[in-house]
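**Student:** Listed below, chain by chain, are the residues.
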Amino acid sequence: MPATVDPPESVASDPAGDGRPILSVSGLRKYFRLRGGLGGVGQAYVQAVDDISFTVATGETLGVVGESGCGKSTTARLLMRLIEADEGEMLLDGRDVGGRDGMSLRTLRRNVQMVFQDSYSSLNPRHTMAEEVSFGLTAQGVKRAEAHRRANEMLEFVGLEPAIFADRYPHELSGGQRQRVNVARALALNPRLLLLDEAVSSLDKSVEAQVLNLLIEIKERLGLTYVFISHDLNVVRFISDRVLVMYLGKVVEIGPVETVYGSPGHPYTRALIASRLSVDPRRRIEAPPMVGDLPSPINPPSGCRFRTRCPLVEPVCGVADPVLDRFGAEPAHLAACHALVPGSGHSKAPDRSAGTALETGGSPS
Amino acid sequence: MNAVDLTPVEGNAGPFLSVRDLSVEFLSEGRPLRAINGVDFDLHLGETLCFLGESGSGKTVTMRSLVQLLPPTARIWGRVLLDGIDVLTLDADRLRAIRGSQVSMIFQEPMTALDPVFTVGHQIAEVVVWHEGLSWSAGRARALEMLELVQVPSARRRLDAYPHELSGGLRQRVMIALALSCKPKVLLADEPTTALDATVQIQILLLLRELQRELGMATIFVTHDLGVACEISDRVAVMYAGRFVETGAMAEVIDSPRHPYTVGLLNSTVHAGSERGKLAPIPGAPPDLLDMPPGCAFAPRCPRVVAACREGVPDLEQLAPGRSARCPRTGSPDC
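Respectively, the protein sequence lines represent chains X and E. The first sequence: position 329 = 329 (our numbering), numbered continuously. The second sequence: position 183 = 183 (our numbering), numbered continuously.
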């Protein structure tokens, strides 16, 4: 693969070179109103994303995991401004998007691009691959001939020979090839941040491995930052530096990937990790790590949203909303569970006087 | 072609299901498309066999052809003996009598497999009334029994629920209850946990394993997921481009895969113990079934290909009782 991609012109890839966050999100909230209800009485909302905050450091891969309905795709769409948030702030390189002093949507989309799960429905069936990849460039004001040259370059970059693929239509490609085109299209604008929403989930295993390798390789070569959303815990562990766990619209845990997988704090993360299947018929799971299904995100449980399925549930969990807080030796490892917070009123909470995990784990700052 | 012996070594009773030289052809834009080509296997009661393969490998078609659940354009050859009955010669009425009573099936997507306009209790009762000639009240009693068997919480209340009122995990439990309501001897499960979340998937797999042990059915499980196969099955048949390429006990195939495709699949799968860094994927893509390469279908992607591979389709060679691979190089020293 030739290195033909220039560094983005819009924003330097790590302006200060200090690993500052490329993206920081605070208090992001999105409720979808359901039909029904009279004059606001009995009105139901799907609380898809409810007050979440996190940062993405320049150059890292942040994995986002959770089960269906946890809000991970809504989060990606909010970051991409495909839908508008009800509340919350999102800063790209410290700059707000929209508003008087903020960057324009056009600048945002030049810097942040997305790859979707369904490689077929995310390509226009009436566009050839060259047209598809060059479309964003022409929309950003690049001349047609230049955009086409660049499209061919990008196709080659993702391992598709332009002489063969440039004039083909989506239905003439296999799933893996289509997903490569989606990656090429996302990269054409020289973005710095790629949102990958279940980008490998619908591919066969042998093809999934090819696309994962491609993603790892282009990230290294172009110095990109990834937000990698997936329900597949093994793939997330494989590709991510840090992982963020969501449950019913809330962030329940975040931290370095090996710390979270090695010593998960939140009971939900523990159950999720224990649900992974081994590839060894002699090491089968004997009891389900968790019972029941995800409750509806319409009018979710009060207090901690996980309490209806939690093995550690106590009265305090229904009353107070747990806050994402540090609890272990690793300062970047946070979880939102009353059982981890001294003085929360939960009987399993560490004793404040007897030296908590927080205190023994080194000074907070 | 010699039949693959999938008999457990200690087993002495004859197989309950015996399939010989099964082939299925569809018409694709007027051209014949061979979806499966010469599949042979035996299955005993109490045994779980998994068809493992990627999309287009023929795993679902193989399963569906056992009860002729294929579109009318499909042509089926070969022999499917179910407890001595040749299923492929049965007329529509006899087939209907077998489906749901002797052999039943669980589908991937319970929302589309269940009828949205009837309550789940009614749907289960209907099967029992139809097959066993019971009254509707006896059918309803059986429905309750079945929902309890598959551990649906508040089963009595859920009898009157419509499919859309249930979560994905509960819908899949209902579908299992429906499939087992007439105590079938053979259960066909087509990716029943693929659409479910991880924490729900393991609950359903454990339920199926428990029911299998209790009821002693012969089960065929179709999946693309190596982890699911390891969790549920005793034996595995790895499929590629319409053929079995490797068969054996699950643990043996995982420990010492003998076909290069199986090796590639194992290397491509990200599992709990995967090292960070690069995966070793299989290059290329599966062949177009309308335009198959001569000889071994895997040859164009195979790292160990030799000239002989392109000359003729290799035989599925028996390596040990119940263990076979379709590769001319399995015996060579660098394996």
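I should point out that these hints are in silico values taken from the structure, not numbers from a laboratory. These numbers were taken from a predicted model, which means no experiment stands behind them. Possibly wrong hints are sitting among the right ones.
[Unchecked claim] Derived list of chain X stretches under chain E, where covered just means 3 residues or more per stretch with a C-beta under 8 Å from a C-beta of chain E:
1. 87-98
2. 127-135
3. 190-196
4. 225-237
5. 313-326
[Stated by the list, open to error] Calculated from the model, a selection of chain E residues having no Cβ within reach of chain X, i.e. all distances over 12 Å:
6. 20
7. 138
8. 205
9. 209
10. 225
11. 273
12. 282
13. 284
14. 308
[To be verified] Example chain X residues on the side facing chain E (calculated, C-beta under 10 Å, incomplete):
15. 139
16. 140
17. 141
18. 143
19. 145
20. 146
21. 150
22. 153
23. 162
24. 174
25. 176
26. 205
27. 206
28. 288
29. 289
30. 309
Note that CB positions come from ideal geometry on N, CA and C, so glycine has one too.
**Student:** A separate judgement is required for each hint: does it hold in the structure or not?
**Tutor:** Hint-by-hint comparison with the structure:
1. 87-98: Not satisfied, violated; 0 residues make the cut.
2. 127-135: violated (count 0)
3. 190-196: Violated: only 0 residues of the stretch 190-196 of chain X have a Cβ under 8 Å from chain E.
4. 225-237: holds (count 6)
5. 313-326: n = 0 at 8 Å, threshold three: violated.
6. 20: 28 Å, holds
7. 138: Given that every Cβ of chain X is farther than 12 Å from that of residue 138 of chain E, nearest at about 30 Å, it holds.
8. 205: 8 Å, violated
9. 209: It is violated; residue 209 of chain E is separated from chain X by about 8 Å at its closest Cβ, not greater than 12 Å.
10. 225: Its Cβ does come within 12 Å of chain X, the nearest being 8 Å, so this is violated.
11. 273: Its Cβ does come within 12 Å of chain X, the nearest being 8 Å, so this is violated.
12. 282: 4 Å, violated
13. 284: The assertion about residue 284 of chain E is violated, with a minimum of 9 Å to chain X.
14. 308: 24 Å, holds
15. 139: It is violated, given that the least Cβ distance between residue 139 of chain X and chain E is near 31 Å, above 10 Å.
16. 140: 32 Å, violated
17. 141: 36 Å, violated
18. 143: This interface hint is violated because 35 Å lies over the 10 Å limit.
19. 145: 32 Å, violated
20. 146: 32 Å, violated
21. 150: 26 Å, violated
22. 153: 23 Å, violated
23. 162: 18 Å, violated
24. 174: 5 Å, holds
25. 176: 6 Å, holds
26. 205: 5 Å, holds
27. 206: Holds, about 4 Å.
28. 288: 5 Å, holds
29. 289: OK, holds: residue 289 of chain X within 10 Å of chain E, min 7 Å.
30. 309: With a closest approach of 8 Å, the residue 309 of chain X hint holds.
The earlier numbered hints that this structure contradicts are 1, 2, 3, 5, 8, 9, 10, 11, 12, 13, 15, 16, 17, 18, 19, 20, 21, 22 and 23.
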